[in-house]
Amino acid sequence: MKARVFVTLKPSVFDPQGQTIADALHSMGYTDVDSVRQGKYFELDVSAASAEQARALAAEVADRLLANPVIESYRIEVEDPSGVGGRNHRDVSVSG
Amino acid sequence: MKARVFVTLKPSVFDPQGQTIADALHSMGYTDVDSVRQGKYFELDVSAASAEQARALAAEVADRLLANPVIESYRIEVEDPSGVGGRNHRDVSVSG
Amino acid sequence: MIGSSVLERHGLTPDEYERIVRALGRAPSETELGMFSVMWSEHCSYKSSRIHLRRLPTRGPRVLQGPGENAGAVDIGEGLAAVFKIESHNHPSFIEPYQGAATGVGGIIRDIFTMGARPIALMNALRFGPLEGPDGARTRRIVEGVVAGIAGYGNSIGIPTIGGEVAFEEPYAANPLVNVLCLGIVRAEALVRGRASGTGNPVYYVGAKTGRDGIHGATMASAEFDERSAEKRPAVQVGDPFMEKLLLEACLELMKTDALVGVQDMGAAGLTCSTCEMGARGGSGMEIDLTHVPQRESGMTPYEIMLSESQERMLLVVKKGREAEVEAIFDKWDLHAARIGRVTDDGLLRVKAGGAVVAEIPNEALVDGAPVYDRPATRPAYLDTVTHLDEGVLAAAPVPDEALLALLASPAVASKRWVYRQYDHMVRTNSLVLAGMGAGVVRIKGTSRALALSTDGNGRYCYLDPRRGAMLALSEAARNVACAGALPIGATNCLNFGNPERAEIMWQLVEAVEGLAEACRALDVPITGGNVSLYNETDGKAIYPTPIVGVVGLIEDARCVIGRVVRRRGDDIVLLGEGFGELGGSEYLKTVHGLVQGRPPRPNLDRERALIALLARAAAGGILQSAHDCSDGGVAVTLAECVFDSGGIGLEVDVPGVPAPGPAALAATLFGESAARAVVSVRPADRSALMQMAADFGVPALAIGVTGGSRIRVAVAGELAIDCPVAEAELAWASALARHFAGRAA
Amino acid sequence: MTFAVIVFPGSNCDHDAYHAVKHVLGEGAEFVWHKETSLTGADVVILPGGFSHGDYLRTGAIARFSPVMTAVAEFARRGGPVLGICNGFQILLEAGLLPGAMLRNRDLKFHCEHVSVRVEQTDTPFTERASSGQVLRLPIAHGEGNYYADADVIRALEAGRRVVFRYCDPDGQATDASNPNGSVNNIAGICSEARNVVGLMPHPERACEAALGSDDGLVLFESVVAALAGQGALRTA
Ligand SMILES: Nc1ncnc2c1ncn2[C@@H]1O[C@H](COP(=O)(O)OP(=O)(O)O)[C@@H](O)[C@H]1O
Ligand SMILES: [Mg+2]
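Protein chains in written order, with our numbering: chain A, -19 to 76; chain B, -19 to 76; chain C, 949 to 1694; chain D, 784 to 1020.
The following block holds chain A by itself, in its conformation from the complex:
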């Protein structure tokens, strides 16, 4: 089963990378891009009996290794195998 973990800096934390990318886009003429935040994205292949189980595992892994709770928060998406066309039906959880 696929679990996706999105790790982003907490809103209050400064994101120099996103800022620099936004500046670059502006100087390239993309003035309609108001702001950019950069985060990390993890695709986990997990052996789990259910979406719940997969999500729980992903959350534990995110807590312990993937995300730094001091400055980052994360969001998890699990493809519900029963669901049709996977990507449009998700089990979502948010932390931080």
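Since the hints were derived computationally from the structure, they do not count as laboratory data. Just to be clear, a hint being listed does not mean it is correct.
Quick list of simulated restraints, FRET-style, between CB atoms [what the hints assert, rightly or not]:
{"no.": "1", "chain 1": "B", "residue 1": "11", "chain 2": "C", "residue 2": "1338", "range": "47 to 55 Å"}
{"no.": "2", "chain 1": "D", "residue 1": "1014", "chain 2": "C", "residue 2": "1393", "range": "27 to 35 Å"}
{"no.": "3", "chain 1": "B", "residue 1": "6", "chain 2": "C", "residue 2": "1516", "range": "42 to 50 Å"}
As the structure is a computational prediction, the values presented were derived from the model and not from experiment. Note that beta-carbon positions come from the ideal geometry of N, C-alpha and C, so glycine has one too.
Keeping the supplied structure of chain A fixed, place chains B, C and D with the ligands upon it in accordance with the hints.
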């Protein structure tokens, strides 16, 4: 409007970060995590009239700057403002 | 009257509050209270250490700038000044190792270029808990993060990290130390000061936008850890080395013009500290309007803006009429220079938000108004027991070969390559001694000169005897630069201690400062600045008292620089100085017997001074092939380190035995850590010249053997004590540190 | 002879390249700010090492949009010798002036140390004074020097003799143990099809004086001087 760009290494490209994380997880006892791939995740705040427009802008920006076609491919999600509960209804496009 | 909870949150006592009311002649507004709380915090006001720091010698013929400015400066000849300072970022590095260490590097670099100097070298002194054992996993994560953070910032901005030290001791497990030193070069007459003067001159804000991050960082750095520190976590900031690189280049470009009056970076206590300190130094006032301060988040209150510790921000005062010129320079670097106020003549710091005045405080009150405490100091009871070394245990000593291998593999002695390989130590092409090969040495392009740097400080020594420990810290740092061929000309120090409100901790601090002062006078190395980091303790458990000393040494002819490693087979090995078999507090006792006991070696400042003078002279005379000081692990470890990285050259020596109690005699001779010693190698032809010179300088010198073969063979008083292949010893030494991290996730 | 050293925001080996060319080699050197649009008067162009734009996003990803890069591409198209060192190499890759891309070092750590590099090709303007198979001792200092290109590109590079430098052991053997970052085929540096654009991760400019631990890097700069002297400087109009 929010456009999300997910940049991942092409499957053919070795991902040292993902591999290291997978190894770490295994040594921590998470044997149910079969594999990990690490990518980048961008949240763009864009001024656009429609989801299509936002997606088109994000795609152009991803093509020109956010992703390197030699090693990476990307996926875009735009929150459809008309859609209910945003996150479950998306306009998805895949490249690379 | 104000609630005690409010005062507590601001780390202020009722008396201090009264003092504030007196200074203002009224009750402070919330913003003003916040400003006082950060300026009067231990971190900014030095209220517990000030009266003791006065004891440090800060003057000397070469001193161009002593303590009080953003950094100290010494004259290095040819019209140039070396600007340097050491800073701690201990608490942030525990909370978030990567960013904590990275922003520490960013902060000290700003201190150097605000003086007008081009930063050319970084050093770092690190202390962590044990790499294995109960906290091992957490400690390894902290080490990985701290080293990566220092590398991430220093490498990116392009300043070489040329040296430092790392030690691992239990008391640092919950309170790691991250001290960073930066060195810069400037033409002496071009030194810039952090002064605001010239009524009507505009005040500019340049760099990163102000966010809510780091609010109360300064007070955090002054509050001992406890369960509640979790809430303080948002005080962590993310470093932006790219922004700082732009600031660095833009500021140095601006300083080439004469449009600048004064500049200061916004570090601890952010906008509050930079505005009032510049005003106070210049004997003037300042008025700023917060609506002009670039802000990252909406709806920030004046309190938040004045206390924010967002990184990579500078405050500048420039000459009226030169605005366009100044703004053009920053534009070139894609930086926005925001004009936020002007210099006034009323000695007040006046802060406006739109029309309204939200704070109006005499600069003096904020900068010098803080109370100065002479806190009670009493000798800790633990000293009665730990300073006694029970010889009994030494009976069960392993054979010297095993002891040597154990010492070489101990993290404190082992090669630090795993650390410094992650640091760009060559950028700017000035590094004459590659990392790991001795003290850090950088040449000064355009001159014949070079500067050597070393940081040292043995927490175990200081725990057992803070006065001696501090003397030995300066001694070792000075000896290390002398081993590179340099004459020590100035020092900076970072005093890392526990909670000064405890009399035992205060005693350690006082003893250490007095010891440091005495050593500085004896070796005449003035202290040009430094930093004090207190409250390094968790739930009442303090770190070892740890004064870290950074010494700068001058080498007039860069071609005479020497390193730790012997150069060829057949050279003579000479032992300079004398061993007294002092095992107290030694690495040997800790590693081999698991003891932290006894009194540390007796500092012998006269001999130290003579040895340093001899080393510098002999190196300048070109008669030394290599030199390495005796410290952790004693003469045996020093001898081994002299041949490591030589490509397998061995050595055969015979050292005199020391008169020590029975079973301890051999160990004491080989692994005792008596000060004022170094091992040098010379060509046979130069040997008599060295011996003569040593006699002239009054330094005991003994030719103990030769380089050659492929084994480390050390005899004591004619009896072979150590006989071990270089390859085996070098492998143990080279692989020990990396082994703890191999195969573990970054 | 004039070397143009391009300065991007975040370049930090620009002064090192300048020093090597001007004070060690004794040739002319000039800094060119990235916002410039012309390289008139330049005989050689150096893209120096560093962290352009902080290396945020990807190394070299933002720098390639600098105005000066149009002039660099034009200079290269006309056959002018271009040397990309470390971050300069990464910029050339992002700009498409050289094929492939950089991944993070396989151990995810920054490496700063001297390594051995074997000269594979001597028919480029930056290696003509070296001998084929010569082993140079050069410093590396990078966290993302793990060269990657797909199999076809690698095949084309090898077939076209465009791998100019390879990591090796001191005896010249390109072993896996001597590969500091995991680069495909131990590739340390490559050249363009026309061979005038060369990029490498090691730092020759840091190895031009014995006092710094090695002067093996000097040969790259001496080569281009000889190359230009030989064929008369190919100046940009
Ligand atoms: N944290 C560090 N950063 C950079 N270099 C370091 C660090 N720790 C140790 N080194 C280097 O490793 C070598 C050995 O360090 P150390 O054992 O403290 O030397 P010494 O005993 O002569 O003072 C020195 O060259 C030192 O600069
Ligand atoms: Mg030491």
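Going down the list of hints, with the structure as the test:
1. Between residue 11 (chain B) and residue 1338 (chain C), the C-beta spacing of about 49 Å keeps the proposed range 47 to 55 Å intact.
2. Distance hint check: the CB atoms of residue 1014 (chain D) and residue 1393 (chain C) are about 33 Å apart, consistent with the given range 27 to 35 Å.
3. Residue 6 (chain B) and residue 1516 (chain C) have their C-beta atoms about 49 Å apart, which keeps the hinted 42 to 50 Å range intact.
The earlier numbered hints are all upheld by this structure, with none contradicted.
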